[in-house]
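Colleague: Letter by letter, the chains look like this.
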Amino acid sequence: MRTRAVGVAAVVAVSALGLFGSSYHLFQLTLVVIYAIALLGLNLLTGYGGQISLGHGAFYGIGAYTLAVLVHRTSVPYWLAIPAAGALCGVVGFLFGLPAVRLGGLHLALATFALGVVFPQVLKSRGLEALTGGVQGIALEKIEAPLHLPLSPDQWIYCVCLATAVALFAVAHNLMRGHTGRAIVAIRDNAVAASSMGVDTAMYKSLTFGLSAFYTGVAGALGALAVQFVGPDSFAVFVSISFLVGVVVGGLASISGAIYGALFIQFVPDLADSVSKAAPSAVYGVVLVLSIYLMPRGVAGSLRSIVTQPKEGP
Amino acid sequence: MEAFLHQVFGGLANGAVYASLALALVMIYRVTHFVNFAQGELALVSTYVASSLINAGVPYWVAFVATVALSFGMGVLVERVVIRPAMRAPPLSIVIVFIGLMVVLNSMAGWIFGYDTRSFPSPFPSEPLFGNHYLASHELGVIGVTLVMLALLYVFFRFTSLGLALRAVADNPESSRLVGIRVERMLALGWGLSAAVGAVAGMMIAPIVFLDPSMMGAVMLYAFAAALFGGIDSPGGAVLGGFTVGVLENLMGTYVVGTELKLTTALALIVGVLVFRPAGLFGQPAAARV
Amino acid sequence: MSLLSVQRLSAGYGHGDVLHEVAIEVAKGGVSVVLGANGAGKTTLLRAICGMVARRGSVLFDKRPVDRLPTEEIARLGVAHVPEGRGTFANLTTEENLRLGAYRHGRNQLEESYARVYQYFPRLAERRRQQAGTLSGGEQQMLAIARAVMSRPALILLDEPSFGLAPLIVEELYRIVRDINARERVGVLLVEQNAAIALDLADRVYLFEVGRVVLDGPPTQLRGDESLRRTYLGY
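Chains as they are written, first to last, in numbering that gives the first Met the number 0: chain A, 0 to 313; chain B, 0 to 289; chain C, 0 to 234.
No lab work stands behind these hints: they were computed from the structure. Positions of the beta carbon are idealized from the N, C-alpha and C atoms, including for glycine. Wrong hints could be hidden among the right ones.
Unchecked claim - Computed footprint of chain A on chain B; a stretch qualifies when at least three of its residues, placed anywhere within it, have a C-beta under 8 Å from a C-beta of chain A:
{"no.": "1", "segment": "43–49"}
{"no.": "2", "segment": "112–123"}
{"no.": "3", "segment": "219–231"}
Said to hold, decoys possible - Over the 10 Å line for every Cβ pair with chain C, so calculated as not near, a few chain B residues:
{"no.": "4", "residue": "Ala55"}
{"no.": "5", "residue": "Ala68"}
{"no.": "6", "residue": "His137"}
{"no.": "7", "residue": "Ala164"}
{"no.": "8", "residue": "Gly257"}
{"no.": "9", "residue": "Thr263"}
{"no.": "10", "residue": "Thr264"}
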């Protein structure tokens with residue numbers, strides 16, 4: 000336990016160093032932290048809960064837009080808007096989860112994929128234009144550090160994200176180690192057995208959806224603040240696919256996996272771009288495939304198997 | 000009334016394409032238990048190859064046959080080189096490999112063939128056949144070609160030993176080995192066939208939606224939905240599902256919600272059906288051993 | 000003359016071996032029976048011979064080493080494995096299952112093979128267009144053996160054919176197996192929990208305990224040993 004606490008403290012300390020980086024690097028690190036929260040959300044659903052989602056970009060987007068609308072059109076302060084956005088996403092996720100739990104693997108993939116595809120269309124639709132700003136989106140202002148702290152807006156938003164991440168990661172860690180987490184994993188591994196032991200599988204699955212959406216929604220809200228803009232094309236289905244990629248490459252059913260995954264989806268596309276101007280996506284795709292060949296269980300999974308000694312047979 | 004029939008027949012033509020792609024998805028699913036998310040991009044590359052051949056002066060039907068043959072080879076190659084090494088990984092990781100493949104193919108298509116929109120010729124005459132008002136010749140041609148292809152596939156699977164071997168692998172890979180079937184070769188064959196079917200579908204739809212790297216996006220979504228709708232392990236269901244989705248899309252788009260939201264509503268309907276009938280219309284409800 | 004010669008065969012499923020340095024022989028046209036309790040490694044033996052599980056050691060089929068070959072190549076050499084659980088192609092018809100049994104021969108003498116198999120198993124002829132998964136347990140076991148016969152093998156591996164079947168059906172099955180062994184001159188390696196009925200068929204018996212051979216000899220040797228007889232034959 001102590002080594003883990005030391006490890007976490009080290010990660011936080013190293014992250015804090017980011018404050019001293021350039022504005023551009025700080026922005027990239029901020030996105031990494033935000034994606035880590037989003038990926039943690041998806042991991043709760045897919046890694047621990049065993050339910051695939053190809054549409055988490057929609058929850059990310061709902062969180063982002065909720066914050067944008069609250070901050071831009073009402074007088075709600077941003078620090079209230081963030082949890083509000085998360086809560087709204089949580090409710091939406093839970094409601095989506097209620098019928099969705101009846102769908103198995105592929106069907107759930109289609110349903111969530113449909114969600115991811117449809118979300119930008121809905122944002123652009125005529126009916127919601129007044130709220131969402133339609134194709135133009137909504138621009139947001141920079142957040143100043145409070146109490147005249149000696150931090151630039153970029154540094155302040157980084158701190159907010161980091162603090163939120165630490166809190167949410169701690170909650171997730173405790174949740175997964177406790178009764179809830181065990182129920183969720185039990186349902187993933189053998190739903191029939193779990194249900195015969197008295198676990199209300201449908202309720203837990205919907206709750207997992209809601210929880211997962213909450214996390215990703217909070218990340219979306221933070222993302223809106225960091226980028227200072229929300230627009231329908233920022234939340235195309237590509238975001239959903241990136242999240243899934245991040246969760247698998249980082250390592251399923253792993254809290255730390257979210258961090259590795261976030262690093263992957265933030266930096267590898269840029270790396271691919273620098274390798275080949277002509278076909279950066281091709282390079283990205285190749286890296287993706289190679290990552291799976293080399294680390295089939297993601298970064299976290301591979302690290303885990305290096306650390307654990309294989310047991311010798313009799 | 001005339002307009003309605005026109006929409007229905009147009010929907011059948013699009014539906015023929017969805018049906019072919021859905022069938023290709025089902026073929027690979029039955030043999031490997033995976034959905035080939037890269038199916039659309041494989042078809043895209045095939046269509047670009049055909050386009051290049053035609054632009055270089057090759058007569059249409061020669062280019063057509065050559066493309067189908069080349070696509071078969073491409074499918075076999077992809078199975079050997081990309082998919083086979085991935086099969087040891089856990090299921091979600093394999094999904095990521097498919098996504099990676101999809102991204103690579105899409106990107107390569109754009110890089111090699113360019114990002115601008117091309118037109119793709121139709122081999123069918125531009126005047127409506129038999130003087131009818133309901134169906135353009137191309138649409139009729141698409142339905143015809145698709146039906147011929149489906150008939151050929153049916154004969155192949157039902158009456159040839161290779162087709163039987165493929166069905167055996169889909170049913171029980173272990174027993175297939177026990178009777179001497181080289182399962183790996185069958186997997187490659189399945190992928191080759193699938194890619195060939197995709198190539199035909201791509202060449203049929205390109206004249207309608209125009210050829211550019213994003214051509215297959217919405218098409219594959221419909222095909223995927225159609226395959227699930229019909230029952231992911233049922234070839235007949237996939238075909239019926241494809242035609243149904245095609246007609247549904249057109250009718251929704253014209254009479255109910257307009258082009259903007261037709262994708263949304265079509266998907267909503269399909270997902271709705273799946274919530275109530277998880278095995279799809281014709282799929283076999285999987286009874287799982289506890 | 001040895002049809003199948005297994006020496007020092009070890010095999011396992013990852014965490015340690017299930018079979019330890021096992022030696023088995025099947026004579027040409029002979030019947031060797033392997034007995035043992037659940038978990039003794041009998042099924043693993045057959046799977047190891049066919050290359051379905053990682054193995055070390057020597058397997059000679061008709062003097063030819065097959066321990067490095069993949070399953071389908073071993074099948075093509077004339078080893079027909081009737082697996083645990085029957086391995087029926089459930090969604091295909093009875094006749095299609097049989098057709099697949101003859102896969103390695105193509106169309107060569109296909110009609111004769113069907114005729115021969117329907118002679119042994121008339122019940123299957125009645126059900127030839129029926130979906131194999133809908134056959135009863137006994138019929139599926141017959142189908143599994145019939146599929147093996149379709150391949151005109153030199154050696155048949157049978158994994159617990161009596162499993163889950165009523166005694167009358169088991170008797171019928173064993174009668175047919177004896178018939179096949181005599182008429183087709185096919186060697187049989189039979190693995191069974193039901194010792195009594197298997198022993199009548201055997202010319203050589205192996206007793207497995209925890210992955211090792213603890214007895215190797217003619218059936219009289221098992222019958223002669225009082226404690227073993229009590230344990231495995233119940234009297």
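Colleague: For every hint, state whether the structure bears it out.
Modeller: Going down the list of hints, with the structure as the test:
1. 43–49: violated (count 0)
2. 112–123: violated (count 0)
3. 219–231: With 5 residues closer than 8 Å to chain A, the segment 219–231 of chain B meets the three-residue bar; holds.
4. Ala55: Holds: least Cβ distance 41 Å, greater than 10 Å.
5. Ala68: The assertion about Ala68(B) holds, with a minimum of 25 Å to chain C.
6. His137: holds, 38 Å
7. Ala164: violated, 7 Å
8. Gly257: holds, 43 Å
9. Thr263: holds, 36 Å
10. Thr264: Given that every Cβ of chain C is farther than 10 Å from that of Thr264(B), nearest at about 35 Å, it holds.
The structure fails hints 1, 2, 7 (numbered hints given earlier, in ascending order).
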